[in-house]
Amino acid sequence: MGDVAYSDEKLMLAYADGDLRAFDTLYARNRGMLYRFILRSIADRASADELFQETWSRLIASRERYRVEAKFSTWLLQIAHNLVIDSFRRARPQAGPEETENILRDLDAPESERPEHVLGEFEQRRRLQMALDALPGEQREAFLLRVEGALGLAEIAEITAVGQETVKSRLRYAFAKIREKFAE
Amino acid sequence: MSSNEQFEREFKDFLEQENSRVAALYRKLPRAEPDAKLDAAVQAMARRAQAAAPQVRARTPRWIPVLSAAAVVTLAAGIAFRIGPTVWQERQTGQLQKSAAENKVSPPMSAPTAAVEKTPSDADAFKDKAAPKPAVIPPPPAAPVMTNAAPAARAPSRTVQAPPARVDAPTPQAFPSPALEQEKKSVETGGAAASANDAVRAQAKGELDEQVLDRKRDQPVQTAPEAPTLKLRAERAATAPATEPAASAAPPPAREEAAAAQAELSSAPPPAQAASSGTAAESTRAAPAAKTAHLAPVRSKDPNASLYPEHWLANIRTMLRENRHDEALRSLAEFRKMYPDYHLPDDLRDLK
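Protein chains in written order, with the numbering used here: chain C, 1 to 184; chain W, 1001 to 1352.
Honestly, the hints are just simulated from the structure, not real lab data. Every value quoted in this text rests on a predicted model; they were computed, and no experiment measured them. A few of these clues could be false.
Said to hold, decoys possible - Derived DSS-like pairs (lysine-lysine); straight-line CA-CA distance at most 30 Å:
1) Lys1012/W / Lys181/C
2) Lys1037/W / Lys71/C
3) Lys1012/W / Lys168/C
Produce the complete structure using the sequences and hints provided.
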């Protein structure tokens, strides 16, 4: 297995049966999305690396118990969400807005996308990043799950263990604040 | 379009479309990704886990459940072989005891019925040994003695000592009769005859009390197997004034009877002693004999009269073998007198 035509869920089942190529494909598909979700949630590269690895570790450990009850990305993001919440609870100091801006500015951004090359887009992204940093954690997480994980209300509600209306409300607040930031 | 409407429309696009304006702008943010080291670490972790998986599976081989099942079966079989015979013996013994108790109880159950419904000369109980009657009425203890007593048996004997031969048949002592206990309880509880059973019992008891009084006057011989019966009778007589209206009508005889019964009880061998003199199997074999003996009191001067009929007949045969023909004939005549309805065996039936 390992063919890109297979869904994430089938790949995960194949990996549970011992197909390492399936895991490689699965990992390649989801590594960026997962890493960005974690990084933008906690805004700390070292912690993000740690949580990223821990997320995959838990996935690997529970591979034999995996059942196709939801999208694979939902399951993966739920693991990551739980780890992020635990990380918040440990009250590790988060990076400030300026530090976050510097990190995100320097991290893996293609040279063509570096702010110094595209000043207008940079300004937009900078404002978006600042708006994200200013969001309460729950709103930011809902926003990231929506735009990074491409999840719907139901899936976000499942991951965050709240009702869909609550998710919708959080997204509305987040969307309003980001939009307001752009209107400045 | 107001700003609110525009907001709602953009928010709706944000929720429903993946390429909304805000989403598109977000995707323009730096596409942070894990570095190669992290990728290598995760993939190595996956390979290690996969390599360790067969070892984990090897820890639970398939033969373990099979072995466990075999062990359980072996253990169960061992327990069954160890306990089974004991349980089987106990069950068999219990059944023997139960049948012995039933055999012992059935004469007092059927005999009172016969005593109440039939004439005293009716001694069909000997023939009914193989077909016990249902236990409808609990046994008034002394009734069989009275009802089956032949006219010739009204001897003035005041013997209270149990004949030694009775020790050979410990069944009545070995297995306490539940029917007697039931009778005792019903006597103790007394009160009005609430059920039809109680009414019948009370009627039978009334008649039997009269017979007891007659018996008291006649002073019949008491035998050891009647010890439980006597005990019950004593208790009954002692409680009679308070519980039994029929008995309260004649308290002095009842007290006398209680005293007499106590005296007979004191002379009877203790149940434990009697029980220890024979095994359960012997008791079971002796039970029918005890039944007939219980129904046929000693009324003859023949020394064999105190024996069970079967033993008596065996002694007659012994006499014949020892050429004591006259003695055998006399004894047989006594036997016929005592047990006129007894079905004699062929070898003795026509003996002259």
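Structure-based check of each hint:
Distance check on the hinted pair: lysine 1012/W and lysine 181/C sit about 19 Å apart at the alpha-carbon level, within 30 Å; holds. A threshold of 30 Å between alpha carbons decides the hint, and for lysine 1037/W with lysine 71/C the separation of about 28 Å falls inside it, so the pair holds. At roughly 10 Å between alpha-carbon atoms, lysine 1012/W and lysine 168/C fall within 30 Å of each other, so this suggested pair holds.
Violated hints for the displayed structure: none, as all numbered hints are satisfied.
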